[in-house]
Amino acid sequence: GENVEQHPSTLSVQEGDSAVIKCTYSDSASNYFPWYKQELGKRPQLIIDIRSNVGEKKDQRIAVTLNKTAKHFSLHITETQPEDSAVYFCAASRQWATNKLIFGTGTLLAVQP
Amino acid sequence: DVKVTQSSRYLVKRTGEKVFLECVQDMDHENMFWYRQDPGLGLRLIYFSYDVKMKEKGDIPEGYSVSREKKERFSLILESASTNQTSMYLCASSLSAQGKTQYFGPGTRLLVL
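So the protein sequences, as listed, match chains Z and G. Here the first sequence is numbered in my numbering, starting from 2 and rising by one per residue. Here the second sequence is numbered in my numbering, starting from 228 and rising by one per residue.
Next comes chain Z alone, as it looks inside the complex (with noise of 0.2 Å):
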């Protein structure tokens, strides 16, 4: 069936570092990406997401890339600061009517300061 690959599963970078997460997908068919980030004791939200006509996608610090030959993504956070330390989600979709999402198993980012 439908699989998300995302790594890593923790990472932890200095205050004002970058932070790369990577999912990869295992349905050629999925087109929709979107990323969700979870603080602690929270619950998920919605930070990015990408569509599979689209490349690479920026908001502020934040950008998704999109490989669709390689079937994988990627979440870039630049200039890191303690209050993005969270768990991340990857997700992807291929079923438009339902709006169904496949998650990765998330990554834990710690930022230092």
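One or more hints might be untrue.
[What the hints assert, rightly or not] Below are the DSSO-like pairs computed for lysine-lysine, each with C-alpha atoms no more than 27 Å apart in a straight line:
hint, chain 1, residue 1, chain 2, residue 2
1, G, Lys327, Z, Lys58
2, G, Lys240, Z, Lys43
3, G, Lys282, G, Lys327
4, G, Lys284, Z, Lys38
5, G, Lys298, G, Lys280
6, G, Lys245, G, Lys297
7, G, Lys327, Z, Lys69
8, G, Lys230, Z, Lys38
9, G, Lys240, G, Lys284
10, G, Lys298, Z, Lys72
11, G, Lys327, Z, Lys72
12, G, Lys284, G, Lys327
13, Z, Lys43, G, Lys327
14, G, Lys327, Z, Lys59
15, G, Lys298, G, Lys327
Hints were generated in silico from the structure; no laboratory data involved.
Position chain G against the provided structure of chain Z, taking the given hints into account.
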């Protein structure tokens, strides 16, 4: 502002008990989802519903059932709770069609003794 609420934040049940987890959304969303969150396993879809009385199995439906009698309410039922169902349960809702943001509830942490 989208609001998704869950009936309990914490729940302790005994093995064999029937458990009801309820989720309510106030944004007239067609789609509702139940996920289970476990460390290292990410968010796994249990069931989802795309309309009243309509449901579809997710990736891990065994041991669970669902009910959606009204558009705003989606219930997850553990027919006979087992210790391996100890977990964090997250409900989400979204408009229909791919690419619509899934809005999550605060989660219910269930402990089965």
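Tested hints:
At roughly 17 Å between alpha-carbon atoms, lysine 327/G and lysine 58/Z fall within 27 Å of each other, so this suggested pair holds. With a C-alpha separation of about 23 Å, the suggested pairing of lysine 240/G with lysine 43/Z holds against the 27 Å cut-off. Distance check on the hinted pair: lysine 282/G and lysine 327/G sit about 19 Å apart at the alpha-carbon level, within 27 Å; holds. Pair hint lysine 284/G plus lysine 38/Z holds up; C-alpha atoms about 25 Å apart against a cutoff of 27 Å.
The straight-line distance between the Cα atoms of lysine 298/G and lysine 280/G is roughly 9 Å, inside the 27 Å bound, and the hint therefore holds. With a CA separation close to 21 Å, the supplied pair lysine 245/G and lysine 297/G stays within the 27 Å bound. Our distance criterion of 27 Å between C-alpha atoms is met by lysine 327/G and lysine 69/Z, whose separation comes to about 21 Å. With a CA separation close to 17 Å, the supplied pair lysine 230/G and lysine 38/Z stays within the 27 Å bound.
Simply put, lysine 240/G and lysine 284/G have alpha-carbon atoms about 24 Å apart, close enough for the 27 Å limit, and the pair holds. For a cut-off of 27 Å, the pair hint linking lysine 298/G to lysine 72/Z is broken: about 36 Å separates their Cα positions. With a C-alpha separation of about 22 Å, the suggested pair lysine 327/G and lysine 72/Z falls inside the 27 Å cut-off, and the hint holds. Of the supplied pair hints, the one linking lysine 284/G and lysine 327/G holds, its CA atoms being roughly 20 Å apart against a limit of 27 Å.
At most 27 Å may separate the alpha-carbon atoms for a hinted pair to count; lysine 43/Z and lysine 327/G meet this at roughly 20 Å. With a C-alpha separation of about 18 Å, the suggested pairing of lysine 327/G with lysine 59/Z holds against the 27 Å cut-off. Among the hinted pairs, lysine 298/G with lysine 327/G is consistent with the structure: their alpha-carbon atoms are about 17 Å apart, no more than 27 Å.
Against the hints set out earlier in the document, a violation occurs for number 10 only.
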